[in-house]
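2 protein chains.
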Amino acid sequence: MGDFIATLSLPLLLSFAALCIYPSPISSLPLPRFSPSSKYAPRFLGKPSRSNYSAPTYQYDTRYFDQNLDHFSFSKLPKFRQRYLINTDYWAGPSRSAPIFFYCGNEGDIEWFASNTGFLWEIAPRFRAMVVFPEHRYYGESMPYGSQEEAYRNTSTLAYLTAEQAIADFAVLITELKRNLSAQDCPVVLFGGSYGGMLAAWMRLKYPHIAIGALAASAPILQFEDLVPPETFYDIVSDDFKRESLSCFNTIKNSWDVIESEGQKKNGLSSLSETFRFCKKLKSTGALSDWLYSAYSYLAMTDYPYPADFVMPLPGNPIKEVCRRIDNCPDGTSILQQIFEGVSVYYNYTGTVDCFDLDDDPHGMDGWNWQACTEMVMPTATSKYSMFPEYSYNYTSYEEWCLGDYHVKPRPNWITTEFGGHGFKHALKTFGSNIIFSNGLLDPWSGGSVLEDISESIVALFTKEGAHHLDLRPSTAEDPDWLVEQREAEKKIIRSWLDEYFERKRAVLDM
Amino acid sequence: MGDFIATLSLPLLLSFAALCIYPSPISSLPLPRFSPSSKYAPRFLGKPSRSNYSAPTYQYDTRYFDQNLDHFSFSKLPKFRQRYLINTDYWAGPSRSAPIFFYCGNEGDIEWFASNTGFLWEIAPRFRAMVVFPEHRYYGESMPYGSQEEAYRNTSTLAYLTAEQAIADFAVLITELKRNLSAQDCPVVLFGGSYGGMLAAWMRLKYPHIAIGALAASAPILQFEDLVPPETFYDIVSDDFKRESLSCFNTIKNSWDVIESEGQKKNGLSSLSETFRFCKKLKSTGALSDWLYSAYSYLAMTDYPYPADFVMPLPGNPIKEVCRRIDNCPDGTSILQQIFEGVSVYYNYTGTVDCFDLDDDPHGMDGWNWQACTEMVMPTATSKYSMFPEYSYNYTSYEEWCLGDYHVKPRPNWITTEFGGHGFKHALKTFGSNIIFSNGLLDPWSGGSVLEDISESIVALFTKEGAHHLDLRPSTAEDPDWLVEQREAEKKIIRSWLDEYFERKRAVLDM
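Protein chains in written order, with this note's numbering: chain A, 1 to 511; chain B, 1001 to 1511.
Hints listed in this document are in silico derivations from the structure and should not be mistaken for laboratory results. Bear in mind that the values here come from a model prediction, so they are computed numbers and not experimental data.
Just a sample of chain A residues kept apart from chain B, beta carbon distances all over 12 Å, derived:
#1 Ser247
#2 Phe278
#3 Ser344
#4 Glu485
Which stretches of chain B does chain A cover? Using the computed rule of at least three CB atoms under 8 Å from a CB of chain A, they are:
#5 1066–1075
#6 1147–1158
#7 1166–1176
#8 1431–1445
For every residue, glycine included, the Cβ atom is placed at its ideal position computed from N, Cα and C.
Pulled out of the complex, with its shape left as it was, chain A reads as follows:
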């Protein structure tokens, strides 16, 4: 696995969280409730920001499966319809024990993930594999209680939105699907990116009898408790800017004080709103900070080597472009104007936006925020070496917020108890097998993932220049060699899992 060298220059213990909701100009995403300085952190790339997003389309049937709402109790609860997308065009069928490629749906509409996971679609024909994309409960169309409104009504209805339940949904769906297709002997390979990558890895650990291996792309499974330092995420974001340009990094680092002092002036918020072209007047400098944190974080996650249209339409290496604009402003340009020019790469690369909306409904229920307030407690902070204002992690205020907003008390130690944490790598080495942890080191989430080989079959494949689950994206003509190599390595490993499976199967038959 030595092909993708380069080690993260950060200490190996890292961490960050996923609570703050980032606005985007033409989306319906709710507004940030907290300034990043109130200790909440970036989310994953769980949903598209733009409704007119056009991604590659793949062929599939859409089906539904009745799931138990609580797999681990027998409370009288209504079943819910889980949506899944399925394609059997390339599948060689049960007689050939042909594989099933199963994407662990994460926090968003499954069609969007299906469109953005070209890798799986592209390799399926070669493996003669069935393709299944199940949707995560409480997202997209897979709503308990009949509708999103009902599912998100209150703590009681949201109670069953947990990772363990989602993984159990997958286990039940695979079992029933195989039974119906007489495909019990067909090996299942799991795929997932980001939170979905965490689900894939965890599922491989908890249900080894159901799936023979997992490709867990950009899966920060170590970002809990004190497993990695809370500064990790924003340190990596900052490093991504610093590597492009030290002056760019410094401009951003100096901008926060300027924003604060501007905001305290008489008419300061109006002036800031004008500089940053908001459609409505800012209510606080915090909202502007969130808007900027969001841009920098997403830029780091999607710092892809070629133009892409994942969260936003962006040029290749967008951070380079942001810094070029910041650095190349004419002498005398104000620091705020420089920042605006920079983030416009993120918010307005197409140049079609006249003014930016900050949706500020603070009461919109959001699935990921619920998850962050229950199990997915991923501590976040910024260090003095970053380009952000320094703040430390404060669990008490985190808990207070969750109690206030969701009337729920987080269980910050649960994920490590359920899935492993301290000494986890040690346990993985002895007990788990067949997991690829793939990462791109520009991705701020990479710091909380697994970046070293754990054993012969639990391996880390990372690229120095890659970003958030770049390997899962459709291939393009502009793919750099290191990306092509990473994907080739993944295919080779998946092939070896299947070969091993068939060999064992033959050995059993020969007995």
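Starting from the known structure of chain A, fit chain B onto it as the hints suggest.
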């Protein structure tokens, strides 16, 4: 692992269930609701039948831990107090990373299990181990909703009585206990017998980061769906009698028709009640059949080589004694009188019982019956080769009963989805490690357990002459060599797990 030879003469796919409640003369156990012919099967040895039972006593502190009622959802539910027994007298402490021996409490009062698990207490000093006996939720004092009455009130309150929740309780308790004692580096070894052995094995599979190994004694983890034939349990019971005496086996086999025809006579039930010395008149022959099924099943489970007082006070090799009495009746003794003489070994070995009570409250809620009606669906039947009337397994009527009595629909495929089933051994081989499946082949539950080595570290240790988790019982002066050897083998394997753990730990420190 070749020391304990002898292979079960049955096909390796076996099975049976645990629904029928067996009466005993002076206990408060509820009456059987079904004759065995209505397809329900024996329970484990979950509780002592006699309130005046005196078992060895060991020293421990009794403590309580607040547990979440649903670990896998965030429903607003009251916490409950889980009782656990703890002894640190022999423990060499965290500075020596001394081990923690953790018994997975099963379906009964934990003090009773602590008294009957002498093996663990006897080996703890030699390993300088802490001893912990946590109680299973919904049993003993560990009652949700404050009392047994409330906990067992209805389907909603019983909903959280599941194996996964119980295992999660153990995981959380271990984690918190270690944290409080700064004992994070202390390796945990799991122990369990019967259903508790299943919990130990499953926990080792699902939480390998929490426990380094498990001794699963008499754990029928394969007794689900069609993994083993449903006739297995009663076939083994029958074989236990046949091996002692073919005429004894035949007398029992012939007795059922006699009971039925006697019951259909005028005053037949009175006459049967008299023959079998019931305090009150029998309401049906089914109740008598249950009483006999219960005796034969428990005799097979506790067919220990020396006198013991586990479920009932019994002589050594009690089935031999039952058959001696049946076979040695004077010529002309009626078949019913022969049967009565035989089962009196089980119900009245001390000779102090004047008449036998059949408690017939059909509405007593019982924890194990609830579990059998939800997850623990273990199909049972009898074959024509057995000494029982032939009947086949009928899931439909099983489900109807559960709907009628508990208003709950079983999930008969859930356990195999969650913990593995078909192809489970295959999965175990590649992914699990450090589990001992110990069995005695006289035990009717052994047929649903693992009786072959799965890998180098998942091993089967069985004895031809042993019965239900005999190895976990306190040692006695009468222990036969094969039992001493089985326990020595277990100790050696546990020592090897610990050695391996410390070696890895040293290797990490040396790095």
